[in-house]
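Protein chains in written order, with the numbering used here: chain Y, 1 to 115; chain Z, 1 to 121.
No lab work stands behind these hints: they were computed from the structure.
Treat the hints with care, since some could be wrong.
To be verified - DSBU-like mimics (lysine-lysine), calculated; alpha carbons at most 30 Å apart, straight line:
id: 1; chain 1: Z; residue 1: Lys57; chain 2: Y; residue 2: Lys71
id: 2; chain 1: Z; residue 1: Lys57; chain 2: Y; residue 2: Lys5
id: 3; chain 1: Y; residue 1: Lys54; chain 2: Y; residue 2: Lys68
id: 4; chain 1: Y; residue 1: Lys5; chain 2: Y; residue 2: Lys37
For clarity, every value in this text was computed on a predicted model and none was experimentally measured.
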Amino acid sequence: DQQVKQNSPSLSVQEGRISILNCDYTNSMFDYFLWYKKYPAEGPTFLISISSIKDKNEDGRFTVFLNKSAKHLSLHIVPSQPGDSAVYFCAASRNGSSNTGKLIFGQGTTLQVKP
Amino acid sequence: KAGVTQTPRYLIKTRGQQVTLSCSPISGHRSVSWYQQTPGQGLQFLFEYFSETQRNKGNFPGRFSGRQFSNSRSEMNVSTLELGDSALYLCASSFRGPGGGSSKSGANVLTFGAGSRLTVL
Numbered sequence: 001d002q003q004v005k006q007n008s009p010s011l012s013v014q015e016g017r018i019s020i021l022n023c024d025y026t027n028s029m030f031d032y033f034l035w036y037k038k039y040p041a042e043g044p045t046f047l048i049s050i051s052s053i054k055d056k057n058e059d060g061r062f063t064v065f066l067n068k069s070a071k072h073l074s075l076h077i078v079p080s081q082p083g084d085s086a087v088y089f090c091a092a093s094r095n096g097s098s099n100t101g102k103l104i105f106g107q108g109t110t111l112q113v114k115p
Numbered sequence: 001k002a003g004v005t006q007t008p009r010y011l012i013k014t015r016g017q018q019v020t021l022s023c024s025p026i027s028g029h030r031s032v033s034w035y036q037q038t039p040g041q042g043l044q045f046l047f048e049y050f051s052e053t054q055r056n057k058g059n060f061p062g063r064f065s066g067r068q069f070s071n072s073r074s075e076m077n078v079s080t081l082e083l084g085d086s087a088l089y090l091c092a093s094s095f096r097g098p099g100g101g102s103s104k105s106g107a108n109v110l111t112f113g114a115g116s117r118l119t120v121l
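Start from the sequences and build out the full structure, keeping to the hints where you can.
This is the structure:
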């Protein structure tokens, strides 16, 4: 049972344009959502997170939007840069377990930003 | 501050063998989690250790086990290896102090190591 889904395996955008990565989830008990970025031969690195009581969180070029009624979140990168080319993972943690090391990850979306 | 260190980085084993992977967390981090990454499956949670105790466990068979030492370093072991165990095994650490998470939103941020790439032949 895939509780967190990233239905687009890959995305290609032009440098300077907006990149939108999507993520859907099924479990309404999730209370935090996180995005990680992974380069080849490296571990995932934390990008940005959002609490389920918020609908938007912004950090520089990165903004995460949460639509609880649709059980959908998205990561916007504006403007996209070639260095953003990586695999992006959406992850979620369960209600009442904000300090847990257990995250449920999506399958990942490979972003390619073309110069 | 040194990051999460995993050893070995690469290893090749044959079916039926067993393997032990090691993880040294960031200094001061008390929680260590293990994940398996395979193509198309994303990262699958294996287990989490905190203060030498297993606190969470994923849906993996008993061939997968782990432990944590008093200095927070952790090891995971896979016995009777199968071809399907070929994967990248990632270790992550977090402070997991009282009051919850370490990000601005309150989420608990895991810091991952570079992983141990296991190939089973």
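To see whether the hints hold, each was checked on the structure:
no.	hint	result
1	Z:Lys57 - Y:Lys71	25 Å, holds
2	Z:Lys57 - Y:Lys5	21 Å, holds
3	Y:Lys54 - Y:Lys68	9 Å, holds
4	Y:Lys5 - Y:Lys37	16 Å, holds
Every hint from the earlier list agrees with this structure, and none is contradicted.
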